[in-house]
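Participant: Build the full structure now, drawing on both the sequences and the hints.
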Amino acid sequence: MGASLSPEQAESDASLRIDGVTCGEPDCDGVLITHCHGDHVGLFESVLLQIPIYTGSVAKRIYKLVQQTVKDKLGKGSPERVETFKEYAAGQPLYFKDIKVTPYCIDHSAFGAYMFLIECGGKRILHTGDIRMHGARGRKMPYVFQKYARNIDALIIEGTMLSRQGEKVKTMHELGRDAEKLLKDSKNVFVLCSSTDIDAIAEFYAAAEKARKPFVVCERDYQAEILRIATSTATSSFYDFEKRKVYVYGNNLHPFMNERGFCFLGRFNAVTQRVMQSFPDNLLIYSMWRGYLDKTHAAYDEYKSAFIEKAVSLGSKFEYLHTSGHASIEDIEKICHITQARVVIPIHCEVPESFGKLDIDGEVRVLSDGESLDIG
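Throughout, the working numbering is defined as the position within the sequence shown, counted from one, plus 330.
Incorrect hints may have been included.
[As the list claims (entries may be wrong)] Pairwise CB distance ranges (calculated):
1) Arg411 / Thr565: 26 to 32 Å
2) Glu375 / Lys453: 31 to 37 Å
3) Ala629 / Arg347: 19 to 25 Å
4) Ser635 / Ser567: 35 to 41 Å
5) Ala628 / Lys687: 22 to 28 Å
For the record, the hints were derived by calculation from the structure and aren't laboratory data. A virtual CB, placed ideally from N, CA and C, is assigned to each residue, including glycine.
Facilitator: Shown next as structure tokens:
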């Protein structure tokens, strides 16, 4: 139930029709969401009200806050519907008649992301959702696959990076190390990244501590609240945003920020723009996908691009520091090998045919919308 990243495809999103799910008489036992990125959950309001929607508990809390913020600022969004989402937990199976679905935590740039092991009629299907092995939890991923997801009949796997082969995939550790250097070399630093990319935010937070700079966020009711959710639900101290104070921006902080320097976690909004103008001698770190700034790409975001262009024209130094939320080509091959997948079905990629060039043993089947596959 994901919304398209491309603004041009918004019209086709609005006309999405799945009989029994978004239109007609309800004929679906549940819609399972892997994580709370818009391209996976953005069309949840299209699901008929009688059909339950399932997601992880942390993702539900974060997405409810996202929807509440959208509703408060734009008059859209449905936090009330998100509140009705049913929750699942890692390793605890869900049963839909004769189908067993077991969620497992994975490494992705969305906090609280899962993959699904689907078992029915003696067959095992694994749906990876969006996944990577170079994030904070990435080292555990091979173990998770080896323990829970071997002997897979059909592997439904994302292949985002197959169309981005020139993009260097940093580990989160490398990103944090580079962030620390940039923060030590520049007094006033602004960071633009996804407000829900908790791994990246945690690295910048740690880098600010090492650089002895205060960590400032632009919104109490949104960004600061997301960090509180992460702190209260995480089992790792890596996500503890209460180890040192997180400052919520206000004009009263200007003397303090001017004296100490800072790491300001901003957003593409008027508040961040005003603060940047108040501290024109600054470094602007863009920590999101480059595609949003690429005029030749379908997902080009004119507002984000104009925001950065204006900042640079007013004196900001620009630095790109980001790592993908998606599996590298090597990790895609590793997942296929560990799971011993008999059939590999690409999703979430612009060039699914490229799977045929990978070093994998399973049969690659590229399916069109509405096409079915018998794995018997």
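Participant: A separate judgement is required for each hint: does it hold in the structure or not?
Facilitator: Taking the hints in turn, this is what the structure says about them:
One distance hint, 26 to 32 Å for the beta-carbon pair Arg411 and Thr565, holds here, with the actual separation near 29 Å. For the hinted restraint 31 to 37 Å between Glu375 and Lys453, the CB-CB distance of approximately 32 Å keeps it satisfied. Checking the proposed 19 to 25 Å range against Ala629 and Arg347 shows it holds: the Cβ atoms sit about 24 Å from each other. At roughly 37 Å, the beta carbons of Ser635 and Ser567 sit within the given window of 35 to 41 Å.
Distance hint for Ala628 and Lys687: a CB-CB separation of about 23 Å, consistent with the stated range 22 to 28 Å.
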